Amino acid sequence: MIITQLKDINEIYEMVKSYNKILIAGCDGCCQPPRSINEAKVLGQLLELKARTEGKELIWKAITVLRQCDDRIAATTVRPYIDDYEAIVSLACGLGVVMLNKVLPSKLTFPAQNSMFGGVQNSGENNFIEYCEECGDCIIGETGGLCPRAGCAKHLSNGPCGGMVDGMCEVGGYTIPCAWVRIWERLKEFNRLDLFKKYRPPRDFRTSTSPGYLVINKEYTNEEEKNEVEN
Amino acid sequence: MAKRKAYSQLCKAIEAGHFVFTGELEPKKILDLSEIIHSAKEMKKTKRIVAANVTDGPQGDAYMSSLVPSFKVQEEAGIEAVWQVTVRDRNRVALFGDVISGAILGLKNILTLTGDHTALGDHKKGRPVYDIDSTQFCEMLSIMIDEGTDYEGNELIGGKIEMNFGCVANPNSNPREPEILKVGRKVGRGVDFIQTQTAFDIDDAKDFLKDLEQYNVPVLLGLFPLKSHGIAWYFDNYIPGVSVPKDLLKALKKAEKDNKGNKPGKYAAIDKINIEFFKPFIAEIKKTTKAAGIHCMAVEYERLFAPLLGEYPEYVK
Numbered sequence: 001m002i003i004t005q006l007k008d009i010n011e012i013y014e015m016v017k018s019y020n021k022i023l024i025a026g027c028d029g030c031c032q033p034p035r036s037i038n039e040a041k042v043l044g045q046l047l048e049l050k051a052r053t054e055g056k057e058l059i060w061k062a063i064t065v066l067r068q069c070d071d072r073i074a075a076t077t078v079r080p081y082i083d084d085y086e087a088i089v090s091l092a093c094g095l096g097v098v099m100l101n102k103v104l105p106s107k108l109t110f111p112a113q114n115s116m117f118g119g120v121q122n123s124g125e126n127n128f129i130e131y132c133e134e135c136g137d138c139i140i141g142e143t144g145g146l147c148p149r150a151g152c153a154k155h156l157s158n159g160p161c162g163g164m165v166d167g168m169c170e171v172g173g174y175t176i177p178c179a180w181v182r183i184w185e186r187l188k189e190f191n192r193l194d195l196f197k198k199y200r201p202p203r204d205f206r207t208s209t210s211p212g213y214l215v216i217n218k219e220y221t222n223e224e225e226k227n228e229v230e231n
Numbered sequence: 001m002a003k004r005k006a007y008s009q010l011c012k013a014i015e016a017g018h019f020v021f022t023g024e025l026e027p028k029k030i031l032d033l034s035e036i037i038h039s040a041k042e043m044k045k046t047k048r049i050v051a052a053n054v055t056d057g058p059q060g061d062a063y064m065s066s067l068v069p070s071f072k073v074q075e076e077a078g079i080e081a082v083w084q085v086t087v088r089d090r091n092r093v094a095l096f097g098d099v100i101s102g103a104i105l106g107l108k109n110i111l112t113l114t115g116d117h118t119a120l121g122d123h124k125k126g127r128p129v130y131d132i133d134s135t136q137f138c139e140m141l142s143i144m145i146d147e148g149t150d151y152e153g154n155e156l157i158g159g160k161i162e163m164n165f166g167c168v169a170n171p172n173s174n175p176r177e178p179e180i181l182k183v184g185r186k187v188g189r190g191v192d193f194i195q196t197q198t199a200f201d202i203d204d205a206k207d208f209l210k211d212l213e214q215y216n217v218p219v220l221l222g223l224f225p226l227k228s229h230g231i232a233w234y235f236d237n238y239i240p241g242v243s244v245p246k247d248l249l250k251a252l253k254k255a256e257k258d259n260k261g262n263k264p265g266k267y268a269a270i271d272k273i274n275i276e277f278f279k280p281f282i283a284e285i286k287k288t289t290k291a292a293g294i295h296c297m298a299v300e301y302e303r304l305f306a307p308l309l310g311e312y313p314e315y316v317k
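Residue numbers (my numbering), protein chains in the order written: chain A, 1 to 231; chain B, 1 to 317.
To be clear, the hints were calculated from the coordinates, so they are not data collected in a lab.
Being a predicted model, the structure only gives us computed values, none of them experimental.
Cβ coordinates follow ideal geometry from the N, Cα and C atoms, glycine included.
One thing to keep in mind: the hints can contain errors.
[What the hints assert, rightly or not] Restraint-style ranges between C-beta atoms, simulated for each label pair:
| id | chain 1 | residue 1 | chain 2 | residue 2 | range |
| --- | --- | --- | --- | --- | --- |
| 1 | B | H123 | A | C135 | 24 to 30 Å |
| 2 | B | K125 | A | N191 | 49 to 55 Å |
| 3 | A | I216 | B | E162 | 49 to 55 Å |
| 4 | B | T149 | A | N191 | 19 to 25 Å |
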């Protein structure tokens, strides 16, 4: 899921203060904490109050979308409303904001949130954590199922570094466990320190260079394909 | 891995069997290198400190890059530099470029480091690089020195660079096993020497050196004489993993309090505490371990060199 944080209300208001009528779109997708119809409504009320303090009247409508990052769902859900509003505020992650701008190009969509990371929700521990940074070159088969790229502040492939103190990381004031110590503990438990000792060569950053792009729905056939001219 | 030729005075001295000393210089936010050069000259005068480490933005702070002061120290003070290079601020392209630049400036030692995170420094909003890690940097240097190419195998025109390089190890690390295994990875990438983070506990230091013996690489144990109570306190509180013994902290505080307004008295008292602590420490390390020497991080504390190192033979020309 994409972990997000609401922007400061003043920052959101600055983006939309030149409009009189705005559409606020929640997202029912993976965005966490939830930013659905109720959150969209509360944001509308807050913006309305903020506008009043500046002597302005702001008209708003709150809706929600099943998944803003899906072009067909986003377009069909939001399109019926847009003629009545001057701008859109999205409560999705950055993907949803970009998608609304793409599929509904006649209106500007503004972000109400900062997208933090792709992470998991640990309800028992009351936190969200980045366990994977979608690097395109997964090595957690060698690291006991824990990712040192997402889990290490220095993204080390061959840790731990000298900033580890009593198993904790120098970044964040020694409150976050060192990913490499946890990897060592886990591999030791399974008698697989051979994997820990292994040298891992530098990452190929081509797999994670922006913009990420992958073709889907490629056609397949069992017919013999014509060889393309080499070189 | 076959042992690499000793190109640097440091590695030659180790090879010759001397118990070596290295010092440390810390260029900060400065435009004037005269104090650094002065410190380096004092090291040279001891005839026992063979090389001076030049730090690269310690604690993640934005300081003068270590390349130019390393060169200036060699040129103007006549002491070899151990050029510290972190992978925090440069990607593999920049590291390659810097290393060959250092090579043509005549630098002979590189100390590879990960580097304290930018989040710890004075530009906390900056983006740390860490394109390659320090182990991978070791491999890159091995390739440049032994094969004469860049990391991708492209030929380095003009031949191979003639340098030696080392890595660091932390005797304070807890747990210790992953640290030792990590050093093993670096040794596998061809390091010529190891310099350690500062140690204050003699038994811990001896255990640590014992653990490193398996790698058969010369180790210089790091020691940090404490010039003032303030420095000791800072070290204790802000340097990752380092804790200064409480007795030492107390003694330094007392020495400063007892000699308020009396600078020479204060210096003498503080020096005495350091000498009483570190002199037997060094003797014990030399006598009972296979350490190749001591990395004496007496930054801007030159007056301690003579009493601390005086009894060891002169070996630096």
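Indices of hints not satisfied (ascending): Of the numbered hints given earlier, those the structure breaks are 2 and 4, listed in rising order.
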